[in-house]
Amino acid sequence: MTAIAASLGPIVDRAAVRRQRIFGIFYLVLAALAAFVLTSGLDGDAISKFVLKPAGSKTGLDIPNLVVPSVLTMYLVAGLCAALGAIQLVRGFGTRWAVVLGIVVAAFVFAFLTWAAAGKSMSLIGILQLTVLKALPITFGALSGLLCERAGVVNIAIEGMLLTGAFTGAIVGSAAGNPIVGLVGAGLVGGLLAALLAVLAIRYRMDQIIAGTVINIFAAGITGFVATRILQHNRELNEPERFAQIPIPVLSDIPILGPMFFSANIFLYALFVLIGLIHYGLFYTRWGLRVRAVGEHPRAADTVGINVLATRYRNVILGGIVAGVGGAYFTLGSTGSFVQDMTAGRGFIGLAAMIFGAWTPIGAFLASLVFGFADALQARLSILNIALPSEFLLMGPYLVTIVVVAGLVGRVRAPAADGRPYDKE
Amino acid sequence: MTGERPPEQPATEATPANAPAPAETPRPTRRVMAMLGGAARGLLVPVLAVLSAFVIGAFVIVLSDLTFFERLGQDPGAALGTALGGVGTAYGALLRGALGDPTAYVDAIASGDVEQVKAAFVPISETILAATPLIFTGLAVALGFQCGLFNIGAEGQLFVGATAATFVGFAVTGMPWFVHLPLAIIAGFIGGAAWGFIPGILKARTGAHEVIVTIMLNYTAYNLVGFILKFPGYQREGRSDPISKVTEASAWYPPLIEGLRANWGFVLALLAAFAVSWFLFRSTKGFELRAVGFNAPAARYAGMSIAASTVLAMMLSGGLAGLAGTSVVLGITHSMTSGISPGFGFDGIAIALMARSRPRGIIFAALLFGALRAGSTPMESATGIPGDLVVVLQALVIMFVAAPALVRGIYRIRVPETTGTEVFSKGWGS
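Chains as they are written, first to last, in this note's numbering: chain B, 4 to 428; chain L, 935 to 1364.
Treat the hints loosely; a few may be bogus.
[What the hints assert, rightly or not] Short derived list, chain B residues pointing at chain L, Cβ under 10 angstroms:
hint, residue
1, I218
2, A223
3, L285
4, T288
5, G291
6, M345
7, G348
8, P392
9, S393
10, L402
No lab work stands behind these hints, which were simulated from the structure alone.
Ideal Cβ placement from N, Cα and C applies to all residues, glycine included.
All chains, please: the whole structure from these sequences, using the hints.
Set out below in structure tokens:
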């Protein structure tokens, strides 16, 4: 790595030039796709209708549907993409490249939706609502990973913690007859698994990725075992009461944003509070400064009297509690009963969202929304019978993560001491 | 251990007074004892790990029985007795399912009936069958470990390899088996190697951490394979679910013994283990690969290419995982579905850790895990204890093997510090 560091100057420049070129070509490809592929086989005066008011909404406000001419929209999007791509190739956008990338991708996604809805009516608000719901557990997972990794402990056991949280939430919630008790139980068990991770990684200095893998396998095994052994015969233990929807009085009446963010159950509101707390805590308090110091340079932190190991224990256990609570969403907030392997890799997407969001809470939430959107779109398009292999949509988040990790599009940086055990000597 | 003994000193020579008295002459028996001791100490951690896992597994079995607590209140002694009996029955069924029933062997051999003898050997055959893909994935992960790479992506590489091998298996027709089978096996290897090439080249070129890339590629592979399985020409005619056409019989691994399911894939796995062993410890490339894994800066200073070793290790690792895929689709299922692997790639991690990345140790570790897998189904049908117990046992085994300090703390013994694992998680981005 030293050789790379020594020649950092020219590499940065070359990377910027390469990025400019990659983006320019990428925008032109999107323009071509919108202009030639999406418009093929479409009637010239077909219109796409997007429903913006959720079905069964009781608000007095009348939100009109968004109706656009399909082909014209695509040509407009193609024009926009082509123009931005040309500018990008000729002179670049400098530091505003991320904004431009966002605009182009958003425009293309809109063109794509227009194509999917051509001649039909599509519930855009439904997709957006589903996006938030799909992003919710991913964000919890990402926040869990973030809490651990900011203190220098890699947590790839998020998946196992989510799964165990879902499982515990269902059993404890059913046994107690109260979802709040289930939620508390899920948080506790998540914290317990995290404590195991912390002991293995910090006390026994086990490789953190192996420790995380152990917990993932253990969680899959034990939940599957107990689900088969107990829940199959005692179904009453797998029927927890779910948290009810609590629309927030005024905010839920806001068009589009209201149904998306302000008429959900307590998980979403808890998530907002958590994002705010972690963001404020990490970047504006003494606690956050210390945590970040431990994650970046533990020896320096130790020198000024911060207890490195205690900070790591605390953060990992906190992260486990967050993941456990997030896992409980699967049973207490969403479906209502535990199914084996129901988290289906959401924890790993959370890990990806944490990286994509550059180890910040708000970034992680936005990244989770992107991943949730891919998930929601796939679910809705398969209902609409769109002739597009859904597998490619589902692959999207993973490929995007690889691109981000490989630094093909501007690199994100992990805490410097992430994954390294700390020795006083 | 014997190498550390101080050299023998001639008794006639004058020795300084403060020097320790020379130890009694190492007689051949002592040497043998010392060697045995060394081997035993190497085995101590894995054996204790398995033992501890089974003990905790017993607790899991007892505590997950809701009636146990009721009975414990009424008559603690009897409740404990039945609980222990239940654990014994479950582990007994697991063992019989994995290794066979001793009385069945005796009866079968006494009767002299070939069919009956074969029937008695079914459990062993099933264990070998289950161990075959595990040897390959264990080797795949171990090869990565030796180069300092953590390949969590064996699962995805297995899927891609199996998909490629299946394609050759049904698309090529009219070939004799000695042409067709090797072709399909090579296709599986290439498919896995191609999937392993991606994290290798990304790590070498951009420094992207292989753990995160291989995790993402696992999910990409599931989706890609899901798409291919529904592709016209690959999907079986008349089916709407994702399943491939049936491969030609000429591409199947022939059975070791007609009538039993264990097949020549196992022999290929053994050969692969010896090939990997030779490659790592006897060839120049293998030496470079281990040198990079042991100390990358030193290896670079000695003129070795870290990038080339990284890419080579990931491709070979992926190829071995692809061979694991062939051992399933050409040896067991004979067609490709999305459910061909119950996590062979992840078991490979456990096996590589347990064998400390030594190819020959992997054979034994894989046989152990294969036995657990093979025994879990008979156990579930005989005692109603879910087969997922085996997954819990596996997790516990890895935990104990990867943290020898844990074993040391529990059993108050001295065990070697090294486990063959390094710190892999050196930060995601760099």
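Hint check results:
no. : hint : result
1   : I218 : holds, 8 angstroms
2   : A223 : holds, 6 angstroms
3   : L285 : violated, 18 angstroms
4   : T288 : violated, 25 angstroms
5   : G291 : violated, 20 angstroms
6   : M345 : violated, 15 angstroms
7   : G348 : holds, 6 angstroms
8   : P392 : holds, 5 angstroms
9   : S393 : holds, 9 angstroms
10  : L402 : holds, 6 angstroms
Violated hints for the displayed structure, listed by number in ascending order: 3, 4, 5, 6.
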